[in-house]
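Single-letter residue listing:
4 protein chains.
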Amino acid sequence: MSRIPIAILGATGTVGQKFVVLLQEHPQFEIAELVASPRSAGKSYSEACSWKQDQPIPRRIAELTVKSTADPLSSPILFSGLDSSVAGDAEVHYAEAGHVVISNSRNHRMDADVPLVIPEINSHHFEMVSRQRWPGAIITNSNCSTMFLAMALAPIHEQWGIEWVQVTTMQAISGAGYPGVSSMDILGNVVPYISGEEEKMEIEAQKILGTLTPEGVDPAPFVVSAACTRVPVFDGHLETVTVKLPSGNEPTIDAVAEVLNSWRGMPQDRSLPSAPVQPIEVLSEPDRPQPARDVFRNKGMSTLVGRLRPDPIGTFKMVIMGHNTVRGAAGAAILNAEAFVALGHFDRYRR
Amino acid sequence: MSRIPIAILGATGTVGQKFVVLLQEHPQFEIAELVASPRSAGKSYSEACSWKQDQPIPRRIAELTVKSTADPLSSPILFSGLDSSVAGDAEVHYAEAGHVVISNSRNHRMDADVPLVIPEINSHHFEMVSRQRWPGAIITNSNCSTMFLAMALAPIHEQWGIEWVQVTTMQAISGAGYPGVSSMDILGNVVPYISGEEEKMEIEAQKILGTLTPEGVDPAPFVVSAACTRVPVFDGHLETVTVKLPSGNEPTIDAVAEVLNSWRGMPQDRSLPSAPVQPIEVLSEPDRPQPARDVFRNKGMSTLVGRLRPDPIGTFKMVIMGHNTVRGAAGAAILNAEAFVALGHFDRYRR
Amino acid sequence: MSRIPIAILGATGTVGQKFVVLLQEHPQFEIAELVASPRSAGKSYSEACSWKQDQPIPRRIAELTVKSTADPLSSPILFSGLDSSVAGDAEVHYAEAGHVVISNSRNHRMDADVPLVIPEINSHHFEMVSRQRWPGAIITNSNCSTMFLAMALAPIHEQWGIEWVQVTTMQAISGAGYPGVSSMDILGNVVPYISGEEEKMEIEAQKILGTLTPEGVDPAPFVVSAACTRVPVFDGHLETVTVKLPSGNEPTIDAVAEVLNSWRGMPQDRSLPSAPVQPIEVLSEPDRPQPARDVFRNKGMSTLVGRLRPDPIGTFKMVIMGHNTVRGAAGAAILNAEAFVALGHFDRYRR
Amino acid sequence: MSRIPIAILGATGTVGQKFVVLLQEHPQFEIAELVASPRSAGKSYSEACSWKQDQPIPRRIAELTVKSTADPLSSPILFSGLDSSVAGDAEVHYAEAGHVVISNSRNHRMDADVPLVIPEINSHHFEMVSRQRWPGAIITNSNCSTMFLAMALAPIHEQWGIEWVQVTTMQAISGAGYPGVSSMDILGNVVPYISGEEEKMEIEAQKILGTLTPEGVDPAPFVVSAACTRVPVFDGHLETVTVKLPSGNEPTIDAVAEVLNSWRGMPQDRSLPSAPVQPIEVLSEPDRPQPARDVFRNKGMSTLVGRLRPDPIGTFKMVIMGHNTVRGAAGAAILNAEAFVALGHFDRYRR
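As given, the protein sequences belong to chains A, B, C and D, one line each in that order.
According to my numbering, the first sequence is numbered sequentially starting from 2.
According to my numbering, the second sequence is numbered sequentially starting from 2.
According to my numbering, the third sequence is numbered sequentially starting from 2.
According to my numbering, the fourth sequence is numbered sequentially starting from 2.
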């Protein structure tokens, strides 16, 4: 079967570059169009792009001519790494033009008719696209920090329910794009504030773990409190997490570890190309996970969990970590697209 | 009045060096003796010491001959920056020899007859020395991360009581001494584990804020849950904190800020030489405090608080930060000594 | 005598902020006006400025209203930390309006009638202002990396002459201003290129050490080869330097050290307020100078030299280091102003 | 053909770990024995080793029992990542026992009968083993910083000869092993001194490029001057280099680039498993190579060259960079072993 042509929106940005790296040899999708702001349009990708990946630009991609967001596109699937300042209108525009927009941007995540999906958890939410107002569709993945939290919470929530979660993040600089964080602000420093991040973390996981209803999604009824910080780490968001289970649930730490380690979902069942074999991996070393050391495990597609231990206020605490621009962004969107196609949803949009 | 001769135990270590910097021109104390391990003994301080401060060794101190822990000392007050592997026995040995040991080590902090003091909070605990078994005395200050937490909690506890506290720390490398943390472990990384640190943070604040009884100290009855991490920051421990007040207490954020900002204690009342004018300073900028930018405020002797905001699980959350080797270690011990002298406790040990 | 009112041009930038810190309690100059781009004008300095210093903005300065570069100024002396994209025309404009512009910008450094001065070396070059085309004047200091090189070369050149110099720099991020270098580019990295920097380093020292002639300055006849890199260091430019003396000159390393250490100039003779007691300090430790450890020595106004040793190609090699935004920028301009006033040149511009 | 069993000496160290990573799926060599200090002996490799690589320990290797340097070994080829404090005697001991020791240690590099080989340059020096005093043999690769310099110089030397070379290095922390450089020394800092490094760089390239004689190797007659520094970079040594060709040789920069880019050697001719297709790659971007961005190019086995430009003192200057623990250490030794086998030298030692 021939590969589906795809476009990358925001192709010169940090997430856009990661789309290029992850899609360059994809068995189902073929990079056909690269789209960026009008000032990049008309240039070759290698000219337009301040490439920051640790491998050279794939030769074929380097020579593609960048299109403008004003140009019509021919690819049926668009991966969007657009900046949130423009993604809101642009993605609607593309959906109106009949494209399936697989978006990493925050703008439409909480819309009542837009699925916010982590396919291991809630691929059935894709059905929401049938309610959308457009000939095309918009589907979204979560914020990067939410991703690892929601994945670690999913098996817990399914098994025991959750009352509340307290999370403190230590987020990598790559999450802020390029040029993003000034070196003057972060070298040898921690910045205890990321605009809008805590608000996103306090609502997104509940939608992902929520119940599909005719009107939208009933959020899962647990409370999240988040404190978000930026640290001088290149890739990999680390989070300290305390979880409070409903009264009466006091599983052993071993039982929690077993539930996390053995959790599998639809991407594993279907062996989707980008699916990690083990979506959550519990590390036993006392000082792991660590961003610099573990971020490339399982090609950056797993959530790593460590330091599971009882908590004197909640029920247990743990440390979680994942690759913020792979599973937390471009890789999440690609896995969404693979799941969307595998489940047959894409068929109605084929042309 | 002539200055009191003092000795520094563990003088070549990170905390010992900070004692030298902070005491070099002290109005009440005069560095008379420097004590280190036998392999340093007999050398000049400048030869024995791998000096890591950002100012040269004071000339007079550089030329002092280092004594061994096996040598008898003549100074009535000893500042101990000894490593915890040796501090336990050594400090008892010196107390038996009649010295007042002002210790920064963890070994005796939780002993029933040893005061664990932050003079702004519980200088009345110094009375416990009268119960000690030795001709001399041991007084201690808290762990560096506990210091900033206990200070930020003290006015809250006094005003409203506290039910529980969740804290995640991001601790500077200088807290691990020298050579301490390998650059291979921390460059561009976060290590989510510091041996023994969480255990200390979960019990020390309660003793400091506890009630003096004939048998010791009744710990304050709140619960602390701590998650401790190491980050690539030189000086300054940053902590994200959620505080739960007892039911019925819902102060406004402005009221909390006012209580923190206006808090003063005995060191301020007596204008002790090392006392910060304002022990807690609430910063209003949305992204502060930051270690690299704020660690030198108030000569490193304040606890800085920022981002006070409501918390959906507890009552409010905040970010706190302080200089781990100044207020969190050497400066804390020096302020303890100043308070101990000012309150007359030292008089019984004068010779 | 009352203090001379001064203005700071480019007051919100990195160099502008350093001017504020260094001039806040200056005995001769009083900060009267702060000037920035039109979008900052009309705001208080604390609102207009993204303050990056490790001490708070002085209260009086924080409340000054920022003026626009389009506004007329009343201060006779202007310290310019303007970006080179605007400094060229703006400084001429101010000189035409009768101001003495003490500039840190590169634009006019090599003009035939503009003195490029390090007052320890060539304060007699100030006489060039009498040839300038304007009622006011422009005087300049060198590029930050040139500063430490020129200072270290001056006593050598005076004593033995110089045939050639090879220098490799490792420059701090603060030299690029704010936001300047993206953290994505420099964290755990070295960037072996700084636009225009090598060109400046290869010509400026020769003008500073050159001979005043009726037409301008005859450059000193030695050759400089420079390789400039950016490293993840906050403050402090480090340089490895090989010096080739003319044939027949083979001083011992001790002789070179003595010549450097004992060198003094006009700022020391006159005890100018910002003058370091010792302009060049030779360190004897085998692994110094180091930016993080030595950058604050002598208040950042000295050039530090270490590792003097014979060189198998040139005559000797060494490592030099200095504070790039103090002696390498704002402090250099202030010392120039102090020297300019002390030598009576300012008298003709007083109003 | 079955694979040759090999042992790794110093298997738990930084270079030893890199040997494990690079040899885990080698077509010719099979890891049979892991050797470390007596205190590691008897443990499984995963217990004995503080693993610092960014991928997990290969499972089979993790379970191997570590042997002591006192144990007899059965593998005919030993890769030595031993610390230089013990490598001198230990390697002789193994050579006396009949083993071929492929050493990365400095101890025997300059011995008159020990080949110091970069197989692209001087694989004919392997013949020196026939002169060795032992039933086995010792062959060595160069110091990590010398590696990239010697490779970049080889085609130049061959084409035009070389008069002198000035090099300044900026070396990664991984070059110092583990725990190696304290984070207190290098975070946000540059240390302008690495013990013994400049001495090695000033003599090794001349032996590698020298002429084999009956008595040993006549060193190539050019002069090297080196200044070595440590920077806060994880992997990748960067070097600024000025090269002076003999008078009369003034090739264009394009000609130099062409000579470097087109250079090939015996490992390329024989398609050795670890040989890079292109041993030297000239990058055209103005700000490359950079360690964090380019260190993994060509699997870390190439020397990357950038910023070729004329030099006002020498003939031209450039920036070079390579992976210090791959091509600069473990990878160099493995390529040496592959070349040694391919050229038939190993046949006399087979058992």
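Some clues are possibly wrong.
Said to hold, decoys possible - As a list, the in silico DSBU-like pairs of lysine-lysine whose alpha-carbon atoms are at most 30 Å apart: (1) C:Lys-201 to D:Lys-68; (2) A:Lys-53 to C:Lys-300; (3) D:Lys-53 to A:Lys-300; (4) B:Lys-300 to C:Lys-201; (5) C:Lys-300 to B:Lys-53; (6) D:Lys-201 to D:Lys-53; (7) A:Lys-53 to D:Lys-245; (8) D:Lys-68 to D:Lys-44; (9) B:Lys-300 to C:Lys-245; (10) A:Lys-53 to D:Lys-300; (11) B:Lys-53 to D:Lys-44; (12) D:Lys-201 to A:Lys-300; (13) B:Lys-53 to C:Lys-201; (14) B:Lys-53 to D:Lys-300; (15) A:Lys-201 to B:Lys-245; (16) B:Lys-245 to B:Lys-201; (17) C:Lys-53 to A:Lys-201; (18) B:Lys-245 to A:Lys-245.
To be verified - For each label pair, taking beta carbons as the anchor points, the in silico distance ranges come out as: (19) C:Gly-162 to D:Asp-219: 29 to 39 Å; (20) D:Glu-200 to A:Arg-265: 49 to 59 Å; (21) B:Arg-4 to D:Ser-196: 34 to 44 Å; (22) C:Arg-310 to D:Asp-219: 47 to 57 Å; (23) A:Gly-197 to C:Asp-72: 34 to 44 Å; (24) C:Pro-57 to B:Ser-51: 26 to 36 Å.
Claimed, not checked - Calculated Cβ distances over 12 Å to all of chain D for the following chain A residues: (25) Lys-53; (26) Gln-54; (27) Asp-55; (28) Gln-56; (29) Ser-75; (30) Ser-86; (31) Ala-113; (32) Ser-131; (33) Gln-160; (34) Leu-188; (35) Thr-214; (36) Asp-255; (37) Leu-284; (38) Arg-298; (39) Arg-351.
Treat the hints as calculated values from the structure; they're not laboratory data.
No experiment lies behind these values; they were computed from the predicted model shown.
Backbone N, C-alpha and C fix where the C-beta goes; we use that ideal spot for every residue, glycine too.
Going through the numbered hints above, which ones does this structure break? Give me the numbers in ascending order. 1, 2, 4, 7, 9, 11, 12, 13, 14, 22, 25, 26, 27, 28, 34, 37 and 38
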